[in-house]
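Undergrad: Sequence:
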Amino acid sequence: GVVGASDTTSHTQHPEEIEQAFQEFISNEEYDPAKDAFAENLREIASIRASGDLTHEVGLNGFADVPPERFRKALRCVPDPKLRRFANTTFQRRAPAAPPSSIDWEAAGALAPVGNQKTLLNSCGSCYAISTAVVMESRFKIETGISKVVPFSVQQIVDCSQPFGNTGCNGGTIVNSIKYADVEGIVKASSYPYKAKLGTCKTSVTSDPRKQCVRPNELTPIFVPPKNEAAMMSEVATGPVAVGLYASAPAFKFYKSGIITGKTELALQLSEDLSLCAFAAKTCGVSTINHLVTIVGYNTSSAGIRYWKVMNSWGKSWGMKGFGYIERTGNQP
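In our numbering, the protein residues as written are 1 to 333.
By construction, these hints were calculated from the structure, which means they are not laboratory data. Do not take every clue at face value.
Calculated lysine-lysine pairs in the BS3-like style (CA-CA distance at most 27 Å, straight line) [unchecked claim]:
| hint | residue 1 | residue 2 |
| --- | --- | --- |
| 1 | 35 | 211 |
| 2 | 195 | 148 |
| 3 | 321 | 197 |
| 4 | 188 | 148 |
| 5 | 211 | 197 |
| 6 | 148 | 321 |
| 7 | 188 | 202 |
| 8 | 316 | 197 |
| 9 | 148 | 211 |
| 10 | 321 | 256 |
| 11 | 188 | 316 |
| 12 | 316 | 35 |
| 13 | 211 | 195 |
| 14 | 148 | 316 |
| 15 | 195 | 321 |
| 16 | 321 | 188 |
| 17 | 195 | 316 |
| 18 | 211 | 256 |
Taking the hints into account, I'd like the entire structure generated from these sequences.
TA: Following this line, the structure appears as structure tokens:
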């Protein structure tokens with residue numbers, strides 16, 4: 001077998017998880033590293049479950065057989081600060097309105113299908129592009145009232161936004177991506193499909209007005225004040241909001257369902273660059289952020305736990321078909 005019986009007490013109870021985890025083998029050369037990664041991740045999950053202080057479910061997903069170095073390639077969504085060309089950009093502020101008690105943009109039909117930055121052959125650090133596209137396409141649908149969401153091109157942002165400070169599959173920021181889209185516009189995903197690898201910018205496509213969903217100078221980026229839960233709720237009530245977090249913690253990596261709360265090692269804070277930060281250490285800040293997700297709603301559980309609903313970019317095997325719940329505590333975000 002892949003792992004010995006001593007590795008975990010639960011793997012034999014979930015054969016469908018094991019089958020799912022091994023469905024993406026490509027070559028014999030990948031088998032041994034994947035087997036080792038699977039065994040280690042299975043032990044990690046068993047350890048988390050045995051700790052007794054978990055407030056959410058964890059389990060195998062599409063990353064279960066991915067070696068650590070390959071997984072790290074998918075966590076390059078915030079590059080070195082010196083590459084943040086527009087880090088000091090001042091966006092428009094919107095006065096917080098009284099937000100509703102709950103909102104769910106998935107239930108409202110304002111979201112395109114969950115994205116997956118990982119493909120069979122590639123792990124591309126493109127979550128910055130996916131989150132940016134989700135925010136723009138969803139708000140376009142909400143504000144125009146069109147009948148369904150038109151997916152925007154993630155690949156265009158990956159290929160074309162390097163002059164604005166992003167680094168293709170090696171990471172980028174929401175600010176750089178929004179500035180790019182504001183200057184150059186964004187086309188439909190069907191006109192510029194996702195490849196999960198860096199390519200040459202197809203300017204003949206991106207500059208075609210017939211294919212542009214957003215044309216140049218049509219965006220109005222909004223700044224959400226830091227550490228202000230009410231302001232964030234007000235903004236999410238108008239549409240999805242992209243945020244950054246630290247995603248290396250196994251309790252997040254292998255999240256399956258439930259609400260991630262501060263009762264576990266995975267706590268929540270808002271860093272100074274306005275990003276939600278989930279961490280497994282005593283400190284949390286800009287330097288620890290390595291992934292971007294999109295807040296697509298919020299609510300309160302029957303047990304009284306207030307939470308954000310987030311949409312990840314790791315495909316439907318992560319969380320609840322690509323979505324997860326993270327506790328909102330105190331004055332954060």
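Undergrad: Taking the hints in turn, state whether each one holds.
TA: Hints, verified against the model:
1. 35 to 211: The hint is violated at about 44 Å.
2. 195 to 148: holds (24 Å)
3. 321 to 197: With a Cα-Cα distance of about 24 Å, the restraint between residue 321 and residue 197 holds, given a limit of 27 Å.
4. 188 to 148: Between residue 188 and residue 148 the Cα gap is close to 13 Å, so the pair holds against 27 Å.
5. 211 to 197: holds (22 Å)
6. 148 to 321: holds (20 Å)
7. 188 to 202: With a Cα-Cα distance of about 13 Å, the restraint between residue 188 and residue 202 holds, given a limit of 27 Å.
8. 316 to 197: Since the Cα atoms of residue 316 and residue 197 sit roughly 20 Å apart, the hinted pair holds (cutoff 27 Å).
9. 148 to 211: The hint holds at about 17 Å.
10. 321 to 256: Holds, at roughly 9 Å.
11. 188 to 316: Between residue 188 and residue 316 the Cα gap is close to 22 Å, so the pair holds against 27 Å.
12. 316 to 35: This hinted pair holds, its Cα atoms lying about 22 Å apart.
13. 211 to 195: Cα-Cα ~18 Å, so holds.
14. 148 to 316: The given pair, whose Cα atoms are some 20 Å apart, holds under the 27 Å limit.
15. 195 to 321: Holds - the C-alpha atoms of residue 321 and residue 195 are around 21 Å apart, at most 27 Å.
16. 321 to 188: Measuring from Cα to Cα gives roughly 24 Å; hence the hint holds.
17. 195 to 316: holds (18 Å)
18. 211 to 256: violated (37 Å)
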